[in-house]
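Undergrad: Go ahead and model the full structure; you've got the sequences and the hints to work with.
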Amino acid sequence: MTATTPVIEMSDVNKWFGDFHVLKDISLSVSTGERIVICGPSGSGKSTVVRCINGLEHHQQGKIVVDGTELTNKRQSLAKIRAEVGMVFQQFNLFPHLSVLQNLTLGPIKSRGLSKADAEARAMEYLERVHIPEQADKRPGQLSGGQQQRVAIARSLCMEPKIMLFDEPTSALDPEMIAEVLEVMLELADEGMTMIVVTHEMGFARKAADLMVFMDEGRIVETGKPDVFFDAPKTERCTQFLEQILHH
Amino acid sequence: MIALSTRFKWLAMCLLLPLLVSGCGNSNLKWYVVSPLTENGRINLKFLIAGTWNTLSMSFLALLISIVVGLLIAIPGIAKNRGARKANMFYVEIFRSIPLLPLILWVYYGLPEIAGIQLDYFWAGVLALAISDSAFEAEIFRAGIQSIPRGQSEAASTVGLNYYQNMRYVVLPQAIKRILPALGNQFAYMVKMSALVSVIGLQELTRRANELIVTEYRALEIYTILIVEYLIIILIIGQGVRWLERKMGSDESGNANQ
Ligand SMILES: Nc1ncnc2c1ncn2[C@@H]1O[C@H](COP(=O)(O)OP(=O)(O)OP(=O)(O)O)[C@@H](O)[C@H]1O
Ligand SMILES: [Mg+2]
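Heads up: the protein sequence lines correspond to chains A and B, in order.
Each residue of the first sequence is one higher than the one before, starting from 1 at the first, in this note's numbering.
Each residue of the second sequence is one higher than the one before, starting from 1001 at the first, in this note's numbering.
Hints listed in this document are in silico derivations from the structure and should not be mistaken for laboratory results.
The beta carbon of each residue, even a glycine, is placed where N, CA and C say it ideally should be.
Some hints here could point you the wrong way.
What the hints assert, rightly or not - Only pairs whose alpha carbons sit at most 20 Å apart, straight line, appear in this in silico DMTMM-like list of lysine to aspartate or glutamate:
no.	chain 1	residue 1	chain 2	residue 2
1	B	Lys1247	A	Asp137
2	A	Lys162	A	Glu191
3	A	Lys162	B	Asp1120
4	A	Lys80	B	Glu1154
5	A	Lys116	A	Asp137
6	B	Lys1080	A	Glu57
7	B	Lys1080	A	Asp19
8	A	Lys110	B	Glu1154
9	A	Lys162	A	Asp190
10	A	Lys74	B	Glu1093
Unchecked claim - Residues from chain A that keep clear of chain B, each with C-beta distances beyond 12 Å, as calculated:
no.	residue
11	Leu28
12	Val65
13	Phe89
14	Glu125
15	Ser144
16	Met177
17	Ala179
18	His200
TA: Here is the structure:
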């Protein structure tokens, strides 16, 4: 499927934390079904970009349109956009006092108005998709990091979003657990999910990305198709950065 | 009746302790005024213990009210809006500065004059205790809510929960578990402070002890019993809170459907 309607459109977005200019003239257009991988050094503003897209942070200048709705500080626009955008955090952020199943059904029941039975059926379906249906009755604290992150992915999917945002989903994981999470993400990519992924897992990027985005000091410094991006980066900064992460 | 008398024996054993401390041979002590072994002693003990209900129900009601009010006051304390935070600070600073005894007197004798509301002893006590405690509860809740990582609220909002739902289903259940020991402390504190309501005439534990002393002239013995009464109540509350903590604690790591 080669849809070309932009589902996310960021134009000249600027953001400050106090005096600190964290995002500088960010423009990015994401089509339906497109997979974008964002990389860049620590502090370059990757998380902030992703968090602006679902309104966890507010931008001060420029325009962000998600699925036809412009992101403003108004509550309705926020609620509408959050309903379309799922998010997976580095630290999982599962609800520790609820079972895995309850983690997955809370949103669908309370905000989508699903019945408990429907929500649980849907939750089990997505737990199968992330290969851990047998963990449904456990608490997050009883699971390994990789399992927790897969539950977090399933929790987002239960809201049936059009877009999934991932902010360094494997950075808090032990090496042996990274693969199981990336595998789930690759499957999701194969199914045509629109994804924006902040990650330094370049193996995943090569396989899944339609477009690579390199950020530095609050700017998008370079974008490109993965093969070109990795083999012949245009800018000095990007070349250095790729060398660092590929040879550490 | 048998259960009752064993309880009295237990109380009597508690009395041995101060007896030993104050010197066994001290012939000035007249324990018989509160001895479960004499007719008069039993009547006196019953009279004293009958204050338990007022002490407990007053403290418990005050606790419930102060928890609700405290929570409502805590919410603006964590708001982004500076005015809301100021209002929270204002309430907390004012009400935790007012000493409880004058507040009780003010509610009982002052409210009828300025508002035309004459509360009875009991409700005047409940109101004064609740107001005074709500400032502390507000601080406890604010600290508890702020101790929950921001990622929890962020995750809640990404699965579509609004502010109220986030509080109700995600933040508060976790916060309450953390502040349970502090809430238990407040309850114990409340039970002790409720003794002050005796000044306006409510027949709770302390008032009854005072009244008995007027007829029996045995302050040391009767106040000893009084202290033991508070001690027992607060020990029981402490155990109850521990039990709750354990129950909620095992909830975290244990299976959900256990
Ligand atoms: N709430 C905040 N208040 C002030 N400064 C912030 C805030 N959040 C982030 N920053 C700063 O903004 C800059 C960009 O942060 P951001 O988290 O977007 O970077 P990042 O590219 O995701 O980095 P990392 O790879 O370490 O996650 C950093 O310098 C950070 O210190
Ligand atoms: Mg980041």
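Undergrad: Indicate, hint by hint, whether the structure satisfies it.
TA: Status of the hints after comparison with the structure:
Between lysine 1247 of chain B and aspartate 137 of chain A the alpha-carbon distance is near 18 Å, which keeps this suggested pair within the 20 Å criterion. Distance check on the hinted pair: lysine 162 of chain A and glutamate 191 of chain A sit about 12 Å apart at the alpha-carbon level, within 20 Å; holds. Simply put, lysine 162 of chain A and aspartate 1120 of chain B have alpha-carbon atoms about 61 Å apart, too far for the 20 Å limit, and the pair is violated. Simply put, lysine 80 of chain A and glutamate 1154 of chain B have alpha-carbon atoms about 16 Å apart, close enough for the 20 Å limit, and the pair holds.
Restraint check for lysine 116 of chain A and aspartate 137 of chain A: the C-alpha separation of about 15 Å stays at or below 20 Å, so the hint holds. Under the criterion of a C-alpha separation no larger than 20 Å, the hint pairing lysine 1080 of chain B with glutamate 57 of chain A is consistent with the structure, at around 14 Å. Taking the CA atoms of lysine 1080 of chain B and aspartate 19 of chain A, the gap is near 19 Å; set against the 20 Å cutoff, the hint holds. A distance of roughly 16 Å separates the Cα atoms of lysine 110 of chain A and glutamate 1154 of chain B; the hinted pair therefore holds under the 20 Å criterion.
Straight-line distance between C-alpha atoms of lysine 162 of chain A and aspartate 190 of chain A comes to about 14 Å, which keeps the hinted pair within the 20 Å bound. Only pairs whose Cα atoms come within 20 Å are accepted, and lysine 74 of chain A paired with glutamate 1093 of chain B is rejected, the gap being roughly 34 Å. For leucine 28 of chain A, the shortest C-beta to C-beta distance to chain B comes to about 20 Å, beyond the 12 Å cut-off, and the non-interface label holds. No beta-carbon of chain B is positioned within 12 Å of the beta-carbon of valine 65 of chain A; the least distance is around 19 Å.
The Cβ of phenylalanine 89 of chain A sits about 6 Å from the closest Cβ of chain B, inside the 12 Å cut-off, so the non-interface label is violated. Look at glutamate 125 of chain A: its CB is around 16 Å from the nearest CB on chain B, clear of 12 Å, so calling it non-interface holds up. Consistency note on serine 144 of chain A: stated as away from chain B, and its beta-carbon is indeed over 12 Å from all of that chain's, at 14 Å minimum. Methionine 177 of chain A, annotated as away from the interface, keeps every beta carbon of chain B farther than 12 Å; the closest lies near 19 Å.
With a least CB separation of 24 Å from chain B, alanine 179 of chain A remains clear of the 12 Å interface cut-off, as annotated. Histidine 200 of chain A, annotated as away from the interface, keeps every beta carbon of chain B farther than 12 Å; the closest lies near 21 Å.
When held up to the earlier numbered hints, the structure conflicts with 3, 10, 13 and fits the remainder.
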